[in-house]
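So the sequences go chain by chain: A and B.
Residues in the first sequence are numbered from 1 upward in steps of one, following our numbering.
Residues in the second sequence are numbered from 1 upward in steps of one, following our numbering.
Because the hints were derived from the structure by calculation, they are not lab data.
From the three backbone atoms N, C-alpha and C, an ideal C-beta is built for every residue, glycine too.
No false leads were mixed into what you were given.
Pair ranges (Cβ atoms, derived):
id, chain 1, residue 1, chain 2, residue 2, range
1, A, THR86, B, THR129, 21 to 29 angstroms
2, B, GLY146, A, ALA85, 33 to 41 angstroms
3, B, ARG124, A, ALA85, 16 to 24 angstroms
What the simulated footprint calls covered on chain B by chain A, stretch by stretch (three residues with Cβ under 8 angstroms from a Cβ of chain A suffice, anywhere in the stretch; the number is not a length):
id, segment
4, 21-30
5, 49-55
6, 60-70
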Amino acid sequence: MSNQLPVEYVEAESVDAVLELLAGDSETRIVAGGYSLVPRLKDGIETPDRLVDISGIDALRGISRQDGGTRIGALTTHDRIAASATVRDHARALAEATDSVGDYQAKHQGTIGGNLVVADPKYDAPAAVLALGGTIVVRGPNGRRRIDAEEWFCGPDETAIEPDELLTEIAIPDGARSGYIRTSEYSGYAIVSVAARLETDGGLVESARVAVNGAKPYPIRLPRVEETLAGGTLDDERRARAADAALRDVDPGTLVANEVADGRHRLGLVRSYCQQALERASVSPAVDS
Amino acid sequence: MSQEKKSADSIRVCINGERERLDIEPGETLMSSLRRAGHYSVKNGCDEGVCGACNVILGEEGLTRSCLVPAASCDGDDVMTVEGLLDDDGRLHPLQEEFLDRGAAQCGYCIPGVLLSGYDLLQRDTVPTEEAIADALSGNICRCTGYVQQIEAIQAAAERLPDAEPAAEGEH
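Bound conformation, chain A alone (with noise of 0.2 angstroms):
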């Protein structure tokens, strides 16, 4: 049961303290809540020879208002920011998805930062981030790069971020209704997941922003789903009609599939939940920005 992660371990005090072991020959990975990633250490899926502790950099919890916008740190935990007015008013579709998270522990020790780093198809907080507009910042040995959430979740087991970066915020656009729901499994992950986000004016949606995780191995946006809303009024009959829609944005041929749910499952599934999403979007406060 021991050596079961890297041998060597370091607590961090700073982010120019991580920055610098980034840089190292050792291959590092980042440890906060330990949540998305002891259990893959645990498995073998990584092997690094190095673990960096980030949970005492106090600089990088919280959550404040910024450039009319929210912005979250890395290691603020899912209990946090499910709690939060401001993340409430502001990002509905967040704290929904930062709400539905696993379990009590889960939720209290596991970190936004660590579940965009990993970004499993099981996750809650990836739809919400993609489907909000969102912006992941990271520091690395040439200052901070700030990544759209749409070029952050690039492929399987795969996100933007170099191994010498460190995810520092993520920022979150004002200004829309949003949504979030998910089914989940017994363990209480996701199975499928979908967030909305809808720009309106009265009765009208401007614009629409729909992203859905579970289905492809990492989370992705429905563009025919947003195109039949956009410029159309919020009814039953449109999100029944954009519903529909998301069974032509996902490629069959490329839907996960595994003991929990195969893939012909999962795409029925993502059309029933991104009905709700679209109608939990509608029905939520409009936010002012």
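Dock chain B against the given chain A, drawing on the hints supplied.
Relative to the frame of chain A, chain B by itself:
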């Protein structure tokens, strides 16, 4: 979070109020180190952060699955295991008595973790609703009881504990 340290071979912790030096093997988790030191109430259930059998209360972090915590990260920390529920005279905590009286434990494997989840909840919420208790137990897997008696036992213990009722409600 003091200074950097690398691959220490032991950590100092305070377990249920007793100072102890725990040997740690390189790359081991807190669960593994605690069990090797004889703290067998910290169960190894799934070893992957799902079942809650290895729950401990770790310093300011509160309720934690010890199978996900690098042992090396715990130097200087307070650790509470289920034995920490006993009072100074070794009497059971009201939570434990209610679990016994209501048949809330069957095989018992998950029970230390469940009791610590219940204890942690009662620290945060002295009058928990049934829903709050179910939420607090969402990170514990019990294959025997179906959770109903556990929820009832935690509720009953909450009623027995001081501060469970508003202060004006009379004597205790």
